[in-house]
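**Student:** Sequence:
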Amino acid sequence: MRFPFSLTWAMSRYIIRKKWEKNKKFPMVLMLEPLHRCNLKCCGCGRVREYQKTIHQEMTLDDCLHSVDECGAPIVSLCGGEPLLYQDLPLLIQEILKRDKHIYLCTNGTLLENALPKLEQIQNRYLKKRLFLNIHLDGPAEIHDKITNQSGVFDLALNGIKMAKKAGFLLYTNTTVYRSTTIDSLIEMAKMLHEIPIDGMMISPAFEFPTVYSEHQTTFKDQSDQQDNFLTRNEIIDFFQQIRIHMKHFRLTATPVFLDFLCGKLSLDCAAWANPTRNPCGWRSPCYLIGNQHFSTYRDYIEKTDWDNIGYKKDQRCENCMTHCGFEPASVLQIRKISTLIRLALWEIFS
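Position 105, counted from 1, in the sequence shown is what numbering that gives the first Met the number 0 calls 104; the numbers after and before it change by one each time, with no gaps.
FYI, nobody ran anything at the bench for these hints, they're computed from the structure. Here the structure is a predicted model, which means the values were calculated and not measured. Take the hints with a grain of salt, since some may be wrong.
The following label-pair restraints were derived from C-beta to C-beta distances [to be verified]:
(1) ASP237 with GLN333: 18 to 28 Å
(2) ASN123 with THR7: 13 to 23 Å
(3) SER150 with SER11: 42 to 52 Å
(4) GLN93 with LYS264: 40 to 50 Å
(5) SER11 with ASN308: 25 to 35 Å
Beta carbons are placed, not taken as given, at the ideal position from N, Cα and C, and that holds for glycine.
My request is simple: use the sequences and hints to build the entire structure.
**Tutor:** In structure tokens form, the structure reads like this:
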């Protein structure tokens, strides 16, 4: 199976229950950002720019757990910032697992080797079955180090991946695609990672942060050149058509429906509400990528966000957005045909 049966079963039961209850908008993955502080300043990251004034603020452990309970999503993605810098991370993971959740720990991987002993000490028998380590790699060493603006980052992350896999953790990678990304570079990295072997690769197009570029100082050496590094919608479609052909033998985590969307074969309505983001400033609205405001409660986030005016052809900021955080859940929630559901089940089971 592409994912552990426990994850597939938990999510399937959850979605069926929510549909039965006729809930129109419900969370699937909570994007929990205990902090925005990070040991890197990657050129494609908006957090270190948007939250300059609050970069050193952190959520308390109680606030994190209250958000998990308040939201109720079956999966919690621990991100940031760099979550391995969060002092209470082991206890946070332990308490979330006690709630029968699955966890994606999203990290740049540079601190992973040193963090493994603390992770292995977490008292939960489901630790290595429900905790997914998700390491961000944007290409082989030369490309990844350039994007992170620091040499040696790829090697540190790769070593962390090997150590974590040796320790028995579930290991996935997350790759952001830019205009400068090439198919050959992705294949080179995929071959390297699958020799370890990792459990899967997520590949998603980058999102342009126009307001961030105009309002905040950037770490890019040439701001205009780096803005041009983001793909347009048509370029994303062309590129992912190639990815689908040339990387079909690798263990990609994108659902067939999401890949159809990325390849321009179908349209999906953004379901950003399915992946709500909670950070030190509150519930980020409307989505993980665009931050108009923050709400103090999850209910306010759902009820007061103007969802009717968010998305492609509704908000100009969404023009070139085809990212996983809005459209991966849509690829599951907007299934209308039994044949598509069967296709998704076969993809999950026989891969």
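**Student:** Compare the structure with each hint and give your call.
**Tutor:** Against the structure, the hints come out as follows:
1. At roughly 24 Å, the beta-carbon separation of ASP237 and GLN333 lies within the given 18 to 28 Å, and the hint holds.
2. The hint said 13 to 23 Å for the Cβ distance between ASN123 and THR7, and at roughly 20 Å that hint holds.
3. The beta-carbon spacing between SER150 and SER11, approximately 44 Å, falls within the hinted interval of 42 to 52 Å.
4. Against the hinted window of 40 to 50 Å, the Cβ-Cβ separation of GLN93 and LYS264 comes to about 42 Å, which satisfies the hint.
5. Judged by the Cβ atoms, the range 25 to 35 Å given for SER11 and ASN308 holds: they are separated by roughly 32 Å.
In summary, this structure violates none of the numbered hints.
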